[in-house]
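Starting from the given sequences, assemble the full structure and let the hints guide the process.
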Amino acid sequence: MDKNLSRLKEVEEKFGVRKSRMTAKLDYIQSVTGFLLAIFIMGHIVFESSILVSEEFMYSVTLMFEGYFLFGSAHPEIVSGISAIVFVLFITHAFIAMRKFPSSYKQFKIIREHAKRMQHEDTSLWIVQIVTGFIMFFAGSVHIYMMMTLPSEIGPYQSASRITHDYMWILYSILLVTVIIHAFVGLYRLAIKWGFTEGPNHKVSRKRFKVIMKVMIVAYLVLGFTSLGKYLYIGNTHDFEKEPVYKSKTIVLERH
Amino acid sequence: MRVAYTDVLVVGGGLAGLRCATGVKQRGHDVVLLTLVPPKRSHSAAAQGGMQASLGNCSKGEGDNEDIHFADTIKGSDWGADQDVARMFVNTAPKAIRELAAWGVPWTRVHRGDHQAIINAKKVTLTEKDEAHGLITARDFGGTKKWRTCYTSDGTGHSMLYAMDNKAQEQEITVHERMEAMALIHENGRCYGAVARNLMTGELVAYIAKATSIATGGYGRIYAVSTNAVICQGMGQAIALETGIATLGNMEAIQFHPTAIVPVGILTTEGCRGDGGLLTDVDGYRFMPDYEPEKKELASRDVVSRRMVEHMRKGKGVKSRYGDHLWLDITILGREHIEKNLREVKDICMSFLGIDPAEKPIPVRPTQHYSMGGIRTDYKGESQTLKGLYSCGEAACWDLHGFNRLGGNSVAETVVSGMLQAEHIADYCDTEESEIDISTKLIKEFVDKEQAKLDYLLEPKENAESAYPLRRAMENIMMDKVGIFRNEKDLQDAVDELEQLLIRSRNIEVKHKTLTANPELFNAYRVQRMLKLALCVAKGALERRESRGAHAREDYLERNDKDFLNRTLTSWPDENQTMPTITYEDIDIKSMELPPGFRGYGKDMTITNPESKTRQDEVDKIREELEAKSADRFEIQSAIMEYKSKLPDRYNGKNERLWERLDD
Amino acid sequence: MTNETPRLLKISILRYNPQIPEVKPSVETYELEEGDGMTLFIALNEIRERFDPSLKFDFVCRAGICGSCSMLINGKPTLACRTLTANLDEEINLAPLPLFELIGDLSIHTGNWMRGLNERLEAWIHEEDQKEVDFDRLEEKMEPALAEEIYETDRCIECGCCVAGCGTALMRNDFVGAVGLNKIARFRLDPRDKRDDSDYYDIIGDEDGIFGCMSLMGCEDSCPKELPLQSKLAYLRRKMVVMKDEK
Ligand SMILES: Cc1cc2nc3c(=O)[nH]c(=O)nc-3n(C[C@H](O)[C@H](O)[C@H](O)COP(=O)(O)OP(=O)(O)OC[C@H]3O[C@@H](n4cnc5c(N)ncnc54)[C@H](O)[C@@H]3O)c2cc1C
Ligand code: HEM
Ligand code: HEM
Ligand code: SF4
Ligand code: F3S
Ligand code: FES
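Residue numbers (the working numbering), protein chains in the order written: chain A, 5 to 260; chain B, 217 to 880; chain C, 1029 to 1275.
Source of the hints: derived by calculation from the structure; they are not laboratory data.
Covered stretches of chain C (in silico footprint by chain B; criterion: 3 or more residues with CB under 8 Å from a CB of chain B, positions within the stretch not fixed):
(1) 1134-1142
(2) 1147-1154
(3) 1174-1186
Here are the simulated distance ranges between beta carbons:
(4) B:696 with C:1169: 49 to 59 Å
(5) C:1114 with A:219: 28 to 38 Å
(6) C:1054 with A:46: 49 to 59 Å
(7) C:1168 with B:688: 46 to 56 Å
Heads up, the beta-carbon is just placed ideally off N, CA and C, and yes, glycines get one too.
Right under this line is the structure:
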């Protein structure tokens, strides 16, 4: 290590130059955006799985997000708005987090060899974050873009149609696996990083957090794929010629 | 040839070397420190027990002061110690602790109120005073009247060494790691530095300095089993010896510890036996009551060690691939007690033996532990015969410990001797006399000579020897014949056999022909030197026909103050000698503050010197007279034995205690 | 200590001497009969004595307290002296720690790396305006629990396992590693060190310091002294993020 560094600091201090506080802020923002995104996704998948209850239920959840129960009429712009916010979080998070990507192939090789040699779970988890993040950067962008621009095309039948006949299920499968893993591994790592695992015995609580992380990943994957299955089922059995848009028996909706 | 110049060269980066270097630097002199390993890896890090200083903060230390610490030290030494030195030491130790506290050592502190302790296998409740809360506390250690051993949890030496090395880094002291001092450069009775070898590249470098201090620690590794680090090979003492001029003092004074684990020789604390652990033999039989019906396992360190050896000699030891051993059984204490009070022991057993001491007995045997002997110096730390050569810490014999050191006194010694010596060296460097005027020719001679020796080791030879077998042979001879029990016949055998080994060692050939980082090479030249030290120990032990402190002769059970109240000095004036030259230095009873008497434990077996009584009467008289005049303890002490003029002014002040406040 | 038939250990060691670069690195395997209570310290010394006296490795205390003997044992960084062969398979792979300068075979130069680190972090007590303390006087008081806590962080033996176990440190050589961050946490706890948070920020408030750490936890899981590195890193991160400049 460079011994002159500490001398350099002396000089800096003499001239009143201090280290940039930006690094601390970026680190914090990365975590906050990651956290918000993870919370969003946890809700997102749950809402998505409302289709498992019934088409009617999913429809009312959709309407809820469009502000129907608040205003008495549907406003898909709200969904666009939420999407925009999520998009900003997504992009901010991604760009800050990408600083942590290995900056060269050499570095990537070092970390990969290291992980292989060490057989160390948390190191491997980080590599998982890098890989899933990388995939999501593309897959997620497409999806969000779609949701931002076509917010009104959400509903039991429209979604099922898109998933089945526009082959979106492929994208969603990839996205589902990556986002669930990335989100829960990310939450675990947040706890480690900021010390939420502390307590009289932090080693034990770290183990506990890891177990919770794994349980959540499995649970959410099951939930997500069952929903996707239900959409595919609807997509393959439903007659879209006859009924492209879901019609509720209880809620009669006038679109604008 | 590379030559480096500096004011002061310190060889050794343990506590002693670092403290010496820091002190010299603070006084404005340049210093270079050489060490085999990074300073923080020095053996000083191993001291767990603690450091003695009479702070007297905890309840069991109340009333403690320099006088009591002094008396404990002298009795412990079996009157072999230099009493001036001991006085300087006890006065400086509290300052040393406080200085280290300011430098960052997180000494364990007194906590107000009640707490439990185990004393003599019994539970007692102690109460600490309010006003002592937050001051440095102390624990009990063998051979002391008061609880005086300050500590930081279970890592005293570690935290001291780290604080000290950090301080040295703050002062930007030049440290050259993996640099082994190979020979001292000297001419006309004056030392000018050392030739050192870079252990990574093999390069020889000459370091030229006004003063050279050797702080290389002990020489325990001449024994087959030792609690010492593997680098404690006595190379500092050996290169001093090889000058032919400097002398070594009391090399036969070697301390053993009864319960180090087998095979690796790591200590298990005395607390195991203190709390009620037992020693058993191959049949699972508890043998100590047979030998020591009264104290059993709790007899003093040296007694227990001797009894264990005796019992193993009767064939009652447990055979193993690594030699005989006995069992230390603490299973009867119960898991709860072990996990709470003997956590360290459990850790050691689990990590180094794979044994759970709550279930199985621990394999132990008596093991070499400490070297009282070393480079003989005066109270300033300077060699009596080679000007400009200094020594401190375990490497030296300025003679604080005599024939037996007290636990906790040695880390204290390293720091205190470093502190005092730094002042003396700095004073010396301030004088005209210290200026150097040696020729580069002389430097070259010394470097060439070392180079030639190394080259010779690589040269193909007939009947070539290799280093390892010689070394193993030496280690075993030392263990079996110059160990805990000594007698004329064994010692004579040992001396003869070691002499043969020394002669054979001159024919060592290193097979791996490279002068760079080559463990075979450094093993070779170190074995040659260790053999010389081993001879000093064995020969000194043979000639000392008495028992004193750790030196126990089966054939001369008495401490003989008539003929042996002296220090053994060994030297090696001619390289071709195969035996050290031995002389003696008398210890003067007439100037003693504490004349020889009964040590206070074991049976009194002393052949007394008539002068002891004369001096005792004298001392008593002075004390009586002054007490009548209501003089304080400092005045009385100074009337009996004046030492303050020898102590550097900086360290001459009185020490404050809770009940002994200094006025402003 | 009786054992039925002792196992035959196959110890493979990555050999290389940078002083002789012509000879390429190679793996050599030695067969050795296992003994009771055998540690890698004993095994390696036996190999050196019986098979190859030129084998380079570093042991000093052989008791797990000096930090000299760290190496990769089956890929994981740890102290060789406190590794019992009984806890390993018959086939044992040894290699020097990565990142540190290689002296030869298993011997590495952790000392100079740590020294550089200490200088960079100024890992010593910074007193106020260098006042002369009078050591004749009573020492300054300290809460017993605080002293204990400082000691707990002071237990690091600079063995380098945390650095070798950290992917970040391997990728980016200027990263201070958990060993360095733990030191700052130690001094921050210590009331004797007069530096404030903005001073510490100047030392570790960047991508080479606390914000470079990616919570890989290789450090905590490799530390032979079982230091609570994760809590220390989290603690520092929190402190550095909430830090406000006084000016
Ligand atoms: C297991 C154990 C526990 C102990 N516990 C206690 C205790 O509780 N209390 C107590 O008071 N004492 C204790 N002691 C004793 C005490 O630790 C030592 O006496 C003391 O630390 C010695 O310090 P030192 O500075 O003299 O030497 P060391 O710390 O041994 O340092 C020697 C230095 O010299 C260097 N060196 C050696 N040879 C050369 C050479 N040729 N060239 C260059 N450099 C060289 C080494 O690299 C090293 O840096 C214990 C000892 C042992 C073995
Ligand atoms: C920006 C706001 C978002 C909205 C409004 C939204 C909306 C939707 C909708 C309506 C569906 C159902 C399928 C469809 O209609 O095509 C869906 C599915 C899905 N979305 Fe989003 N999404 C958003 C953001 C995200 C983000 C950021 C991710 C992850 C990176 C994501 C991951 C998924 C996945 C994995 C599915 C498939 C769900 C399943 O199989 O159950 N979405 N999303
Ligand atoms: C473009 C897509 C994304 C990329 C490239 C990306 C990348 C990363 C990377 C590299 C990290 C590790 C950072 C570190 O170790 O310091 C990370 C952390 C994290 N990510 Fe993402 N991510 C993306 C999307 C998401 C999404 C959609 C979520 C939410 C579900 C999310 C949640 C998290 C969380 C909670 C963390 C931990 C935060 C931290 O360590 O400070 N990320 N991300
Ligand atoms: S923190 Fe642990 S692993 Fe790292 S250097 Fe210190 S002791 Fe070794
Ligand atoms: S392994 Fe490295 S990345 Fe951080 S948590 Fe430990 S320092
Ligand atoms: S040799 Fe000291 S830690 Fe292993």
